[in-house]
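Q: Let the sequences and hints guide you as you build the complete structure.
So the protein lines, in turn, are chains F and R.
Heads up: the first sequence at position 45 corresponds to 45 in the working numbering, and the numbers run straight through without jumps.
Heads up: the second sequence at position 74 corresponds to 74 in the working numbering, and the numbers run straight through without jumps.
Worth flagging that the hints you see were computed from the coordinates, not collected in a lab.
Among the hints, erroneous ones may be present.
[Claimed, not checked] Derived BS3-like pairs: lysine-lysine, alpha-carbon spacing no greater than 30 Å straight-line:
(1) F:Lys30 x F:Lys99
(2) F:Lys133 x R:Lys40
(3) R:Lys89 x F:Lys99
(4) F:Lys68 x R:Lys8
(5) F:Lys99 x R:Lys8
[Stated by the list, open to error] Residues of chain F clear of chain R, computed beta-carbon distances all greater than 12 Å:
(6) Ser5
(7) Gln11
(8) Asn13
(9) Glu34
(10) Gln41
(11) Pro47
(12) Ser61
(13) Asn97
[As the list claims (entries may be wrong)] Stretch-level coverage of chain R by chain F, calculated; a stretch enters the list once three of its residues show a Cβ under 8 Å from a Cβ in chain F:
(14) 63-73
(15) 79-88
Where a beta carbon is used, it is the ideal one built from N, C-alpha and C, also for glycine.
So you can see what is in the structure, the chains are spelled out below.
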Amino acid sequence: MTRLSRRQFIQHNLWLAGSLWFPGTVDAGKPLKETLQQLLQGQKPTPHPGVGLITPTTAESRMAVPIKIDCQLKQTDFMAVLVENNPNPLVARINLNPKIMAPYFRTRVRVLMDSTIIAIVRANGRYYSQHSKINVSKGCD
Amino acid sequence: MQIEHRSKRYADGSVEVRLLMQASSALDTQAPWPKEYIQKFNLVLNGELIFEGRLEAGMAPDPFFVFRIRESSPGDSLQIAWLDTQGKKDQLHIRLP
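A: Okay, structure coming up:
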């Protein structure tokens, strides 16, 4: 029978206490759901490969992460960008004139924690989405 | 606030416009999560509203935008207007290439 040393016992307890404590402090899923409901007014976006969302897998700086939405759908008149784990997930909402503007958009966003970036577009009155994961915890800043 | 712009016309007739807005020091946009930022950003081409953006605190410290105008002719006037959370607004007129 192996006995725990005092050091191992304390380490084990600290590890247990930590694993119990941390999940409570991260409650990121709730604001995203509320924001999505406000934004889409109850409609559900369909994942669609025509909504091209291009992001880096690892960010150089979490203050300015370049993202690009290059949508292939016709009659796109609305685009939105959300970052899942930010305090306010909504970053930008854009209304476009589909006759004149191409559904193409590049910008830089803040990503405070590892997140999923969600792009939502509206084409012909229906909502389509695309998402991409991004890692910022290995960055330089 | 300062704004820098570059625009380029491609062979298919579309114009790509790049904008870099440098927020003034009155706004705390350099903070990790700012309280004051640019909240509205509109584009008007020849008197017609073509792009209406509502931005939140999650934009980068100096907002950077690239967009494409599909239908335009050389020399068209593009008006760029923005408004920040302090209520200051400003605008810029550019000519498309």
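Q: Does lysine 89 of chain R pair with lysine 99 of chain F here, judged by a C-alpha cut-off of 30 Å?
A: holds (27 Å)
Q: Take a quick look at serine 5 of chain F and tell me if its Cβ sits farther than 12 Å from every Cβ on chain R, holds or violated.
A: The assertion about serine 5 of chain F holds, with a minimum of 42 Å to chain R.
Q: With a Cβ-Cβ cutoff of 8 Å, does the region 79-88 of chain R contain at least three residues near chain F?
A: violated (count 0)
Q: Run the C-beta distances from proline 47 of chain F to all of chain R and say if the shortest one exceeds 12 Å.
A: Label holds. Min Cβ-Cβ 22 Å, cutoff 12 Å.
Q: Between lysine 133 of chain F and lysine 40 of chain R, does the CA-CA distance stay at or below 30 Å?
A: Between lysine 133 of chain F and lysine 40 of chain R the Cα gap is close to 27 Å, so the pair holds against 30 Å.
Q: Need the status of pair lysine 99 of chain F, lysine 8 of chain R: alpha-carbon distance at most 30 Å?
A: holds (20 Å)
Q: Over 12 Å from every CB of chain R: does glutamine 11 of chain F meet that, or does the non-interface label fail?
A: It holds; glutamine 11 of chain F is separated from chain R by about 32 Å at its closest Cβ, greater than 12 Å.
Q: Report holds if the minimum CB distance from asparagine 13 of chain F to chain R is greater than 12 Å, and violated otherwise.
A: holds (33 Å)
Q: Decide, holds or violated, for the assertion that all CB atoms of chain R are farther than 12 Å from the CB of glutamine 41 of chain F.
A: holds (16 Å)
Q: Would you check whether the claim that glutamate 34 of chain F is not at the interface survives, using Cβ distances to chain R and the 12 Å cut-off?
A: Glutamate 34 of chain F is indeed farther than 12 Å from all Cβ atoms of chain R, at 14 Å.
Q: Grab the minimum beta-carbon distance between asparagine 97 of chain F and chain R and tell me whether it stays above 12 Å.
A: violated (4 Å)
Q: For the region 63-73 of chain R, count the residues whose Cβ lies under 8 Å from any Cβ of chain F; is that count three or more?
A: With 10 residues in contact (Cβ-Cβ under 8 Å with chain F), the coverage given for the region 63-73 of chain R holds.
In this structure, the earlier hints numbered 1, 12, 13 and 15 are contradicted, and the remaining ones agree with it.
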